[in-house]
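Given the coordinates of chain H, work out where chain P should sit on it, guided by the hints.
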Amino acid sequence: MATDAPGGSPLARLSAALGEFYAAPYRRTFARARRDEDDLFMLLVCSEALGVPNPAAYYTLELMPVLYERFHDWHRRMGMERSPLDHVGCC
Amino acid sequence: MNAIILLLVGLGAMALGYVFYSKFIAEKIYRLQADYPTPAHTLRDGVDYVPTNRFVLWGHHFTSVAGAAPIVGPAIAVIWGWAPAFLWVTLGTVFFAGVHDFGALWASVRNKGKSMGMLSGSYIGRRGRNLFLVVIFLLLLMVNAAFAVVIANLLVSTPTSVIPVWGAILVALVIGQLIYRWKVGLLWPSIGGVIVLYALILIGNSYPLVLPDSVFGMSAKSAWIVLLFLYAGIASLLPVWVLLQPRDYINGLQLFVGLGILYAAVLFASPTIVAPAFNDNVPDGTPGIVPLLFVTIACGAISGFHGMVASGTTSKQLDKETDARFVGYFGAVGEGMLSLAAIICCTAGFATLVDWQAVYAQFGAGGVTAFVNGGDVLLMEGLGMPEQLGSTMLATMAILFAATTMDTGLRLQRFVVQEAAELAGFKVGTFLGTVVALAVCMALAFGAGGDGAGGMVIWPLFGTTNQLLAALTLAVISVILIRKGRNPLFTLVPLVFLLVMSLYALIVQLGTFLEQGNWLLLAMDVVILVAALWVSFEAFLAMRKGRDAGAAEDGTLDGERG
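Residue numbers (the UniProt record's numbering), protein chains in the order written: chain H, 1 to 91; chain P, 1 to 562.
Rather than coming from a laboratory, the hints here were simulated on the basis of the structure. All figures in this text were calculated on a predicted structure; none of them were measured in a lab. The beta carbon of each residue, even a glycine, is placed where N, CA and C say it ideally should be. Each hint should be verified, as a subset may be incorrect.
As the list claims (entries may be wrong) - Only pairs whose alpha carbons sit at most 25 angstroms apart, straight line, appear in this in silico DMTMM-like list of lysine to aspartate or glutamate:
1) P:K183 / H:D38
2) P:K183 / H:D36
3) P:K183 / P:D319
4) P:K28 / P:D451
5) P:K427 / H:D73
6) P:K112 / P:E27
7) P:K484 / P:D45
8) P:K112 / P:D35
9) P:K484 / P:D548
10) P:K320 / P:D48
11) P:K183 / H:E37
12) P:K427 / H:D38
13) P:K28 / P:D548
14) P:K221 / P:E419
15) P:K320 / P:D45
16) P:K112 / P:D451
17) P:K427 / H:D39
18) P:K112 / P:E538
19) P:K112 / P:E419
20) P:K23 / P:D319
21) P:K183 / H:E81
22) P:K427 / H:D36
23) P:K183 / H:D73
24) P:K23 / P:D35
25) P:K320 / P:E538
26) P:K112 / P:D48
27) P:K320 / P:E515
28) P:K484 / P:E419
29) P:K183 / H:E69
30) P:K112 / P:D45
As the list claims (entries may be wrong) - To spell it out: a stretch of chain H is covered by chain P in this simulated footprint if at least three of its residues, at any positions, have a beta carbon under 8 angstroms from a beta carbon of chain P; those stretches are:
31) 26-38
32) 73-82
Chain H on its own, in the form it takes in the complex (with noise of 0.2 angstroms):
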């Protein structure tokens, strides 16, 4: 949270700054973790794009509950109560 963050009550403000104290010097860390994370989906989506044959196929289906949650998180964002996809049923 940056200074122009909000007041409120002093143990909210108390709460504020632990957490702030508690992210900050990991932040770079996590947005390389998270950009390396989406040069791999990319890398993937392109190839299924281009129609080359992906080698991690097999091992996606192990990877299913894990996107599950991040797909519904998704679908939650977009507006969709319930999921979209009938072989997709996170919900």
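Same frame as chain H, now just chain P:
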């Protein structure tokens, strides 16, 4: 003399330094401007560049720079008596460290938040920057190897700290899970974490754990060192949110609580200092006070490592330029306070002068153990803490500092290995990089001295390397000041003093290593000596060039206004 006088004089001097001297430096030398757009705003990216509340930023800066060094240095240096250590810590903090840390922060803020390494490239030249990398690698190597020994010594001498130290890892793991998996707010896990940490200290105090005399043919101390390196290796490979982040956080909180308790104990106990002011009866083999005092106490008086932190991460988060005075200068004061507490514990926490002399029977013998035992007595007298509980608490505190610095240090060293390999044209994976970094540290720990204590043998070299880094930072600040046509005297005096002392110390040590036939340290000493001479030469050239360029540049450098 009563330790309260020492405490009050020390704190008073640092407070006066902050109120008056740092104000003078801020207004007349660095000329801070409240409306100067800091990189946190101009380059704001939500990742590295984020304007941050100055108290939070101070907390970060302070906990990042405070490792085991502000305790180890003074704990060894009081062998020459309390007065020299006290004077160097107090005056060093006020006139050296404050100006240095504050200056590094300011210089970086005025240059788009660039790190000291990059700045030395722009202001002193490319050779200066390459040298910087060599010095950083050596420094990390020494920190990792020496801290492993410091921790192992404490685990052996204070077996009651074993449970809280390793238990703290569990506390951190749980906090990490609570925050990232269960999305719990930070307030209650923090309070709970600190309470559990102190409960573990109570449990550990009742159940000391001692390793058997021989573990796979190694002594207990060597076994701890190997275990610590294994731990640091694993910690640096795990995702940061699992262990490192919550661990740094909870340790930071514990540091503030622990320091408060220690100062309160001194005030209530009002102990007498039993150690002599100037010890003219030093044990055989103790090196001369000049120049060794000034390199033995590095952190706590002045430390190059602070400049790296100030220009590396702190400068990118500074909300207003005027906050630099509080974050930079007061950060140095925080570290000075830790060193002052260490000096008091190591000189006033003994019953008689004879007891003190028995501990300080050999150079380097006092160390952190003296801090822990002395502090225990103070906590017992001042706050009525049961016997041994205080030493468990202080040992845990010292170990936690050293351990977090060590696992971050190993991670950094792995990055250096990977970068060096990339420059050489091949790719080194995370695992292999960590193994190489671990192997180098262990080779030093077990190669330079028996029983894995090689890390401690190189401690005096840590001081010189660190001071060399501080000198390099001061040189960059001086060049900037000269180019702006301002009075560089306030950074030049500490710079010259540090360079002379480091060079003198390196030459003294060179003779010692040659006599002992210690080729590893001899080689390292030569590398550092060459680097030191190189820095002096390059800095001198840069300053002359800066003066010739004259004050024409004043006010125009890097978009400066007004």
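For each hint, the structure was consulted:
no.: 1; hint: P:K183 / H:D38; verdict: holds (23 angstroms)
no.: 2; hint: P:K183 / H:D36; verdict: holds (23 angstroms)
no.: 3; hint: P:K183 / P:D319; verdict: violated (28 angstroms)
no.: 4; hint: P:K28 / P:D451; verdict: violated (53 angstroms)
no.: 5; hint: P:K427 / H:D73; verdict: violated (37 angstroms)
no.: 6; hint: P:K112 / P:E27; verdict: holds (21 angstroms)
no.: 7; hint: P:K484 / P:D45; verdict: violated (30 angstroms)
no.: 8; hint: P:K112 / P:D35; verdict: holds (15 angstroms)
no.: 9; hint: P:K484 / P:D548; verdict: holds (12 angstroms)
no.: 10; hint: P:K320 / P:D48; verdict: holds (16 angstroms)
no.: 11; hint: P:K183 / H:E37; verdict: holds (21 angstroms)
no.: 12; hint: P:K427 / H:D38; verdict: holds (22 angstroms)
no.: 13; hint: P:K28 / P:D548; verdict: holds (22 angstroms)
no.: 14; hint: P:K221 / P:E419; verdict: violated (33 angstroms)
no.: 15; hint: P:K320 / P:D45; verdict: holds (17 angstroms)
no.: 16; hint: P:K112 / P:D451; verdict: violated (47 angstroms)
no.: 17; hint: P:K427 / H:D39; verdict: holds (19 angstroms)
no.: 18; hint: P:K112 / P:E538; verdict: holds (24 angstroms)
no.: 19; hint: P:K112 / P:E419; verdict: holds (24 angstroms)
no.: 20; hint: P:K23 / P:D319; verdict: holds (18 angstroms)
no.: 21; hint: P:K183 / H:E81; verdict: holds (22 angstroms)
no.: 22; hint: P:K427 / H:D36; verdict: holds (17 angstroms)
no.: 23; hint: P:K183 / H:D73; verdict: holds (15 angstroms)
no.: 24; hint: P:K23 / P:D35; verdict: holds (17 angstroms)
no.: 25; hint: P:K320 / P:E538; verdict: violated (33 angstroms)
no.: 26; hint: P:K112 / P:D48; verdict: holds (12 angstroms)
no.: 27; hint: P:K320 / P:E515; verdict: violated (53 angstroms)
no.: 28; hint: P:K484 / P:E419; verdict: violated (35 angstroms)
no.: 29; hint: P:K183 / H:E69; verdict: holds (14 angstroms)
no.: 30; hint: P:K112 / P:D45; verdict: holds (13 angstroms)
no.: 31; hint: 26-38; verdict: holds (count 7)
no.: 32; hint: 73-82; verdict: violated (count 0)
The structure fails to meet hints 3, 4, 5, 7, 14, 16, 25, 27, 28, 32 from the earlier list, while all remaining hints are met.
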